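There are 2 protein chains.
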Amino acid sequence: MATIKDIASYCNVAVSTVSRVLNNHPDVSADTREKVLEAARRLHYVPNNSARDLALQQTDSIGLVVRGAENPFFMPIIRAVEKSCEEKGYTMVLHQISADADEVEEGARLVTSKRLKGLILLGGRYDYTHEDASAFGAPFVCCTYTNHFGDLDLDAYSSVSIDDKAEACRAVKMLIDKGHTKIAILLDAARDRSVSERRFRGYCEALAEAGIPLDEGLVCETVDDDMESALERIESLIVERPDITAIFAITDTLAIAAMKAVDNAGRSIPSDISIISIGGIAMSLCTTPTLTTLAQPQALIGEKAVEILVDVLEKAAPNSHIRLETTLRPGGTVGQVHSGDLA
Amino acid sequence: MATIKDIASYCNVAVSTVSRVLNNHPDVSADTREKVLEAARRLHYVPNNSARDLALQQTDSIGLVVRGAENPFFMPIIRAVEKSCEEKGYTMVLHQISADADEVEEGARLVTSKRLKGLILLGGRYDYTHEDASAFGAPFVCCTYTNHFGDLDLDAYSSVSIDDKAEACRAVKMLIDKGHTKIAILLDAARDRSVSERRFRGYCEALAEAGIPLDEGLVCETVDDDMESALERIESLIVERPDITAIFAITDTLAIAAMKAVDNAGRSIPSDISIISIGGIAMSLCTTPTLTTLAQPQALIGEKAVEILVDVLEKAAPNSHIRLETTLRPGGTVGQVHSGDLA
DNA sequence: AACGTTACTGGAAACGTTTCCAAAAATATG
DNA sequence: CATATTTTTGGAAACGTTTCCAGTAACGTT
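Residue numbers (numbering that gives the first Met the number 0), protein chains in the order written: chain X, 0 to 342; chain S, 0 to 342.
These are calculated hints, taken from the structure and not from any lab test.
Worth double-checking, as some hints may not be accurate.
Same chains, same names: a pair is fine if it fits in one copy or spans any two.
[To be verified] DSBU-like cross-link-like pairs, simulated, lysine-lysine; straight-line CA separation at most 30 Å:
no., residue 1, residue 2
1, Lys34, Lys113
2, Lys87, Lys113
3, Lys82, Lys314
4, Lys4, Lys87
5, Lys82, Lys113
6, Lys34, Lys87
7, Lys34, Lys4
8, Lys314, Lys87
9, Lys314, Lys113
Values in this document were obtained by computation on a predicted structure and should not be read as measured data.
Build the full structure now, drawing on both the sequences and the hints.
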């Protein structure tokens with residue numbers, strides 16, 4: 000493995016000169032530059048990142064902390080993050096955390112132990128503070144809607160996300176427009192300060208606008224990272240509340256579990272029960288009937304997250320918050336409310 | 000950020016002593032050890048990996064190269080790999096490659112540029128050579144069945160996998176036992192030298208044993224990383240060959256696409272067409288009917304892969320090949336062949 | 001021709017570890 | 001108690017970069 004020193008002695012120049020060439024520093028003559036590059040090629044020089052990082056007191060690693068990565072929804076995002084990192088010369092370090100882990104604590108540990116330059120958070124909260132930001136000790140981007148909250152420290156970090164509340168509201172309204180009033184909502188994990196909570200708010204808003212009172216019995220919380228338990232939980236909801244005519248699932252995964260649960264209960268979709276969700280995973284194209292979902296631009300989320308982070312890192316750009324939109328992917332799971340239920 | 004030097008001056012000992020304590024070297028007295036550890040705690044010492052790696056001329060990174068990571072099947076494996084790496088003090092570096100990329104080339108590039116200590120391959124070929132192994136420049140474990148081929152260099156690398164051929168044979172036999180003879184097979188990507196090919200061989204073997212001739216018209220190759228095109232491809236198969244009564248899909252994802260295709264064609268499962276696959280993804284519990292599949296021990300694959308690799312790395316253990324078994328997850332997609340089709 | 005610029009280059013220190021070797025201290029042996 | 005042995009410690013070099021500072025060379029300007 001050739002080193003800079005090897006190149007230097009090979010070319011009869013100083014180590015510092017070689018380093019300058021390799022880093023495209025301006026103060027070096029054209030012919031020595033050529034000579035050095037030629038030698039580097041000839042000797043198959045590969046830079047030693049450890050040494051570089053040590054000298055520069057840095058790393059080229061960006062951490063991707065994801066909660067609930069078994070959710071297929073995240074995979075395209077992870078892929079996009081990795082690809083974008085690669086393109087910009089960074090290394091993505093993936094770290095999955097369990098549902099009940101504290102992402103700030105884990106993230107902070109990661110940043111110091113792996114000397115990460117920045118962090119991207121998937122599936123975390125929406126309300127980080129300056130305190131959290133300084134706990135991390137590195138800039139971070141969270142992929143959860145964070146804007147428009149008066150009490151948040153929006154300049155402490157960046158975010159890339161859809162407007163969870165608005166999109167949820169949109170989804171539920173589509174059900175209401177079809178005449179549904181008994182609309183259940185499927186939430187994952189703790190509702191508190193998460194995507195779950197924002198979408199729940201959207202659900203509430205849509206109901207409120209339509210003058211439908213919130214029925215706590217229609218609110219169903221499950222644990223997302225376990226399909227079986229989710230299924231169980233939804234099944235009992237459907238049995239307990241036979242008056243349900245529609246379900247809004249906050250993720251495709253939950254929607255798919257719900258479809259199964261509905262089927263298990265001997266009801267059919269969409270004639271008995273309509274289902275809509277937010278997500279856009281590939282698998283939802285293959286349910287029967289095809290799942291009606293508000294599809295998020297998954298790859299774009301990943302790309303934008305890296306873009307923002309790198310700007311903050313390299314250009315000292317201010318933190319920013321990007322809002323993306325979903326696109327309705329019409330399927331066959333939403334129908335007019337059954338006439339018998341209207342009575 | 001406290002360094003070893005800080006600890007040394009704080010304790011009035013030499014830098015080398017501190018290093019020894021931190022690395023659990025034996026030659027250090029109990030009380031200095033205690034004193035140093037106390038100081039380390041007090042000063043919030045975090046080791047600098049770059050420096051460590053530089054001195055040791057190594058990295059603690061293990062590369063996970065995965066082809067087709069959009070397949071939800073891989074996610075639990077990825078997670079297990081990350082977890083195991085963490086536990087053993089390594090960092091997993093995930094790298095996704097496209098369907099047509101050469102994993103040896105990509106892997107080799109990765110090993111030098113990121114100075115990886117070892118490699119784990121997901122979704123690659125089954126027939127690596129000594130040449131490939133030395134191209135990598137680091138030990139590697141592939142998660143594809145590799146054993147029992149006379150012409151392979153089995154001591155050049157390790158593997159962890161189910162016996163693809165045997166398991167495929169088992170699956171197809173289950174269909175044959177139900178009276179099916181017109182059994183289609185769904186393969187992803189290029190059949191050549193991949194999991195796909197091994198499972199195809201199992202399919203052939205089962206047919207041969209039952210005296211059923213291979214019908215090339217029942218062999219359907221798709222591209223796995225695109226649900227839509229897979230769906231399309233399978234739909235036309237079903238239309239072209241209305242005599243099909245059963246489908247063996249080599250992955251759950253393909254099976255789910257097939258279920259949709261069958262439904263689109265107005266046929267029903269399992270009364271018209273039976274489906275079985277190899278996989279075990281969580282989502283397959285939520286299809287209607289529930290997918291009958293031979294479930295792989297996903298987490299175990301990841302754990303074992305890391306275990307083997309670390310043994311090779313740390314204890315210079317010889318390369319080894321681990322075979323795991325699937326467990327039948329009975330669903331509702333396999334039924335007796337329809338009497339009308341028996342004629 | 002002397003000088004001041006500018007363009008380029010080399011030397012050396014620094015980054016935070018590990019590890020070899022030698023020295024010092026502690027302990028055992030006669 | 002002197003010596004031999006073992007245990008524990010310190011000093012210094014090394015890992016491969018980057019970068020600051022000083023120095024040389026080339027060049028134009030008066």
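_At most 30 Å between CA atoms: does that hold for Lys34 and Lys4 within a copy, between copies, both, or neither?_
Classified as within: same-chain Cα gap 14 Å, cross-chain 40 Å, threshold 30 Å.
_When Cα atoms must be at most 30 Å apart, do Lys82 and Lys314 count as within-copy, between-copy, both, or neither?_
within (21 Å within a copy, 34 Å between copies)
*Since the copies are identical, ignore which copy is meant and state whether Lys34 and Lys113 lie within 30 Å (CA to CA) inside a copy, between copies, both or neither.*
Only across copies: Lys34 and Lys113 sit 26 Å apart there, 37 Å inside one copy, limit 30 Å.
*At most 30 Å between C-alpha atoms: does Lys314 with Lys113 qualify within a copy, between copies, both, or neither?*
Classified as both; 23 Å inside a copy, 25 Å across copies.
*Within a copy, between copies, both or neither: where do Lys314 and Lys87 come within 30 Å Cα-Cα?*
within (13 Å within a copy, 37 Å between copies)
*Is the C-alpha distance from Lys87 to Lys113 at most 30 Å within one copy, between copies, in both cases, or in neither?*
both (19 Å within a copy, 15 Å between copies)
*Which holds for Lys34 with Lys87 at a C-alpha limit of 30 Å: within a copy, between copies, both or neither?*
This pair counts as within: shortest intra-copy Cα distance 27 Å, inter-copy 44 Å.
*Up to 30 Å between alpha-carbons, please classify Lys82 paired with Lys113: within, between, both or neither.*
both (20 Å within a copy, 15 Å between copies)
*Check Lys4 against Lys87 for me: Cα-Cα at most 30 Å, and say if that holds within a copy, between copies, both or neither.*
within (27 Å within a copy, 34 Å between copies)
Hint violations for this structure: none, all hints satisfied.
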